[in-house]
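Given the coordinates of chain V, work out where chain C should sit on it, guided by the hints.
2 protein chains.
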Amino acid sequence: MLIELRVVIGGIDGYIGWALALHLVSRGHNVIGVDNFVTRRRVEEVGSWSATPILDMYERLKAVEELTGQRIEFVEGDLTDYAVVRGVFNKYKPDAFVHLGEQRSAPYSMIDVHHAVETQVSNITSSLNIVYAMKDVSPHTHLVKMGTMGEYGTPNIDIPEGFFEVEYNGRRDYLPFPRMAGSWYHWSKVHDSGNMMFANKIWGLTITDVMQGVVYGTRTDEIVDERLHTRFDFDEVWGTALNRFCVETVLGLPMTVYGRGGQTRGFISLTDSVQCLRIAIENPPDKSEYRVLNQFDEAYSVIELAKKVYEVAKRKGLEPAIANVPNPRVEAEQHYYNPIHEKLKRLGYKRTRMLEDELSIILDDLVKYRDRLEAKREVIFPRTDWRKPRNPLH
Amino acid sequence: MLIELRVVIGGIDGYIGWALALHLVSRGHNVIGVDNFVTRRRVEEVGSWSATPILDMYERLKAVEELTGQRIEFVEGDLTDYAVVRGVFNKYKPDAFVHLGEQRSAPYSMIDVHHAVETQVSNITSSLNIVYAMKDVSPHTHLVKMGTMGEYGTPNIDIPEGFFEVEYNGRRDYLPFPRMAGSWYHWSKVHDSGNMMFANKIWGLTITDVMQGVVYGTRTDEIVDERLHTRFDFDEVWGTALNRFCVETVLGLPMTVYGRGGQTRGFISLTDSVQCLRIAIENPPDKSEYRVLNQFDEAYSVIELAKKVYEVAKRKGLEPAIANVPNPRVEAEQHYYNPIHEKLKRLGYKRTRMLEDELSIILDDLVKYRDRLEAKREVIFPRTDWRKPRNPLH
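Residue numbers (the working numbering), protein chains in the order written: chain V, 1 to 394; chain C, 1 to 394.
Please keep in mind that the hints were generated in silico from the structure rather than gathered at the bench.
Hints may be right or wrong, so weigh each one.
It does not matter which identical chain is meant; a pair holds if it fits inside one copy or across any two.
[Stated by the list, open to error] Listed next, the in silico SDA-like pairs over lysine to any residue satisfying Cα-Cα at most 25 Å (straight line):
| id | residue 1 | residue 2 |
| --- | --- | --- |
| 1 | 201 | 329 |
| 2 | 308 | 259 |
| 3 | 201 | 160 |
| 4 | 201 | 114 |
| 5 | 308 | 381 |
| 6 | 345 | 262 |
| 7 | 287 | 221 |
| 8 | 376 | 285 |
| 9 | 201 | 122 |
| 10 | 201 | 176 |
| 11 | 62 | 165 |
| 12 | 287 | 331 |
| 13 | 91 | 6 |
| 14 | 376 | 319 |
| 15 | 91 | 352 |
| 16 | 201 | 338 |
| 17 | 308 | 227 |
This structure is a prediction, so every number in the text was calculated from the model and none was measured.
Okay, chain V solo, but in the shape it has when bound (with noise of 0.2 Å):
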C-alpha cells in the first residue's frame, strides 16, 4: 500500500542522485530532478572521467523511458541561484526533496583557497536556498539533505545521531554532538547542519539531515543496462576509498593506503544507500522535526578494505598489491570509532549487499572498461595534500 510521492532530486546526475532516482520511479514515485552538471566539469577540471561511460542527461531520460516505461522530469539549473530553486518548489511543491547537490570531494575541497571557498559557498548557498524556498512556498515539503559522517571525526567517545545527552559541572542538557570534521568539504557540511538545525527552529520546517558513510559499488537492482550507469569515480580528488582500490587493481597497480590505514570508517553500498533515502524519504519524520540519521552499515579500517579487495582480487584471478604512501591528510591513524546507527534499522532498512560480493560486480564492471581506467591512470596517485595547497599562487 505505497502512497506515490512526488520527489524533487537535487543533483540527479550525481553518483547517488541518479541511482537514487531509479530506485524511487522503480518503487512507482514521481520524480523530477535538478542539475547543472558542474560535477561532470570538476571531475574534468582535474583530468578524469567516471569509469563507467555515462550518458548526457537528456538520453539518460530517454533510456529511462524504453527500458522501464517510467518517466523523470528534469530541469537544468543551478541551486546557488535562489530563483532557481524558488521555482523548482513553487511549480512542483513536492512531498520531498532530497539535496544531493552540493560539491562533494574532500580532496577538491583542499586544492587552494579557491577550492575550499568555491566548496563551502556553494554548499552553504544551496542549502540556505533550498530552506528559504521551503519557508516561502512550499512549507510542507520534507527537506532530505546529505551530511556525511565525516562531520562527527573520530571523537574518543561513542557517536549519536546527531544529538546526545551531556552532564557538565553537574547540570544536564541534549545537545548537539561536537563536529571535528577533517576538510574544508567535511566542514562544509558541518556548517550546513547548524543552518538546517536553525531553520527548522526558526521556521518549523521537516527535515532529515543524513550523516552518510562512505559508499562503495557500481550496481543497483537498478542499473540493468550499459545506458543506465551511474558515475562512479576513481581518480585521486573524486574517487572514495574503496572505489580507488578497486580501480587501482584494476590497472595492476597497488592499492595506495594512506599512511598505515588504520583509519576506520563507516561504509555502506550504492545499493542500500539508495535504500535508507528510499526509507527516510518514505518515512517522513513528525512535521517541524529535525531528524539526524547515520546512514551506514558497518565501520572498516582502510587497511581491512584494501585486504577484502585484495581477497576477491585474487580469486579473480587479478594480481593485486597494497603499499603505504604518505598520508595526504591529516588524520588520526590508530583511534577509536563507535558511531550509533539505529534509527534506520528502527524504520525498516536491512542491509542487502556483502562487501565481497560487492566488490566482485565492482571488479567485473572495471575490467569491462579497463581502457577508460588505463587513459586516466595518472589521476590516480595522490597530488592533493591537506598540509600543502597546490596552487597558493593560483
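What follows is chain C alone, placed relative to chain V:
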C-alpha cells in the same frame, strides 16, 4: 617593557576596529588598517547612520596624526578578495592580524535569503582567505579572530571557553563545546570557528578565537576629540540592545524590550573590549595553539539593562520608559546562563568600566547628537522578524 608589535586590523573603519586602532597606537604599537567601508554602505541600505558623526577614513587618520603624533597606515580593500588579503600579509608580515572585518548584525542576516547568503558567504570567505594567506606568506602571524558569545546559544549547562571534558557512554574526550547560535549571522561565526580550528590543526597556525559578548559605549580613553569618534549604531538592524535603549530614551521613546526581557547575555564596555583585544595581542597563545577566549564582563538580562538605563536617565532629568514589544527573534526568554570567562583575567584583564558610569557617558554623548537620532527615528523600531523574511520575492 613593551615590545612594539606590528598589528593589522581588518575592519578598522568599524565600531571596535577604530577604537582598537586608537588604543593600540596609544600603546606604541604599529597599526595598519584594512577596510572597504561596506558597513557604512550597509547601514545606509537600511536608512540609518552612526549617532556619532564619523569622518571619512583619510580625515580620521589625519586627525589621529594631528592629535597624537601617531601614524596609522591604511589599505582600502575587500577581505573577501584573496589577492587583497595575500597582498596585505605579504607586505606587512604582521605579528598579529585582528579580524574585525565581518558582517556583524544578526537582524541584517535575517532580512531575507539574500542577506543570509551574503552574511555567511562574506564572513566565511574572509576568514578562509586570511588563514590561507597566513599559511602561504606569513605563518608566524597570530590571528585574533572576532567570534561571538552568541555562538554557544543558551544551553542549560555552564559554557566553557571553547572546549570541555565530556563523558558519554562511559568514555571521555576533550571536545569543542556544542554551538547553538540564534541567527544566520551567529551561525556564520560558528562556521568560522570550525574553520579556524581546522586551519590550526592542519597548518599549525596560531589563532585566538574571541567569543565576545555584546559591546556598549561611545567612548574609550583615546576618544578625546569629536574627530576621533568611532561609529555608534542605534537602528533596529545595527544597534545592539543597550545602545538602542539609550537612543530611545534620549528621543523620549520607550525602550523596546523584546518579549519578557529575560534573555540574558554577557556584556562588555567598548573600553574593556579593546583592552581585552590588546591583551590577547600582547599575550599570544603558544605557537600553533588554537585558543578560545570568552570575552565579557558580566551577564545581564535585557530587562535588567533597561532598568539600569531607566535609573541613570532618570537622574539626568530624562523621561525614560520601558515597553515590552513582541519578540521578533526566536529565543528563550527565561533560561540558565553561566559562561566561564577566566582566561583573560589570568592574562591580566581588569574591568575598568562600571555599567552605570558608562551609561551616563553614552547618554551625555547622545544628547549632543539628538538631531542625528531624530532624523532616523523611523528605523529604530524592530521590523526584521526571525519568523517572516521581509522580502521573500526580492
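Against the structure, the hints:
For the identical chains of this complex, residue 201 and residue 329 are inter-copy neighbours only, at 11 Å across copies versus 35 Å inside a copy, given an alpha-carbon limit of 25 Å. Taking CA atoms no more than 25 Å apart as the test, residue 308 paired with residue 259 passes inside one copy only; the shortest distance there is 18 Å, against 61 Å between copies. In this assembly of identical chains, residue 201 and residue 160 lie within 25 Å of each other by CA distance both inside one copy and across copies; the values are 20 Å within and 24 Å between. Taking identical chains as interchangeable, the C-alpha atoms of residue 201 and residue 114 lie at most 25 Å apart only when they sit on different chains, with a minimum of 20 Å there against 32 Å within one chain.
With identical chains, the CA atoms of residue 308 and residue 381 are at most 25 Å apart within one copy only, with a shortest distance of 20 Å there and 65 Å across copies. When the C-alpha separation of residue 345 and residue 262 is checked against a cutoff of 25 Å, the pair qualifies neither within a copy, at 27 Å, nor between copies, at 42 Å. Taking the closest pair of Cα atoms, residue 287 and residue 221 never come within 25 Å of each other, the shortest separation being 32 Å inside a single copy and 54 Å across copies. For the homomeric pair residue 376 and residue 285, neither the shortest alpha-carbon distance inside one copy (44 Å) nor that between copies (46 Å) is at most 25 Å.
In the homo-oligomer, the alpha carbons of residue 201 and residue 122 lie at most 25 Å apart both inside one protomer (23 Å) and across protomers (24 Å), since each shortest distance falls under that limit. For the identical chains of this complex, residue 201 and residue 176 are neighbours both inside a copy (13 Å) and across copies (22 Å), given an alpha-carbon limit of 25 Å. Taking the shortest alpha-carbon separations for residue 62 and residue 165, neither the intra-copy value of 50 Å nor the inter-copy value of 56 Å comes in at or below 25 Å. Taking the shortest alpha-carbon separations for residue 287 and residue 331, only the inter-copy value of 20 Å comes in at or below 25 Å, while the best intra-copy value is 38 Å.
Taking identical chains as interchangeable, the C-alpha atoms of residue 91 and residue 6 lie at most 25 Å apart only when both belong to the same chain, with a minimum of 12 Å there against 56 Å between chains. Within a single copy, residue 376 and residue 319 get their C-alpha atoms as close as 20 Å, which meets the 25 Å cut-off; across copies the closest is 78 Å, which misses it. With identical chains, the CA atoms of residue 91 and residue 352 are never at most 25 Å apart, being 36 Å at best within one copy and 59 Å at best between copies. In this homomeric assembly, residue 201 and residue 338 come within 25 Å of each other (Cα to Cα) only across copies, at 23 Å, whereas the closest approach inside a single copy is 29 Å.
In this assembly of identical chains, the alpha carbons of residue 308 and residue 227 never lie at most 25 Å apart, being 29 Å within a copy and 73 Å across copies at closest.
Taken one by one, the earlier hints fail for this structure at numbers 6, 7, 8, 11, 15 and 17, listed in ascending order.
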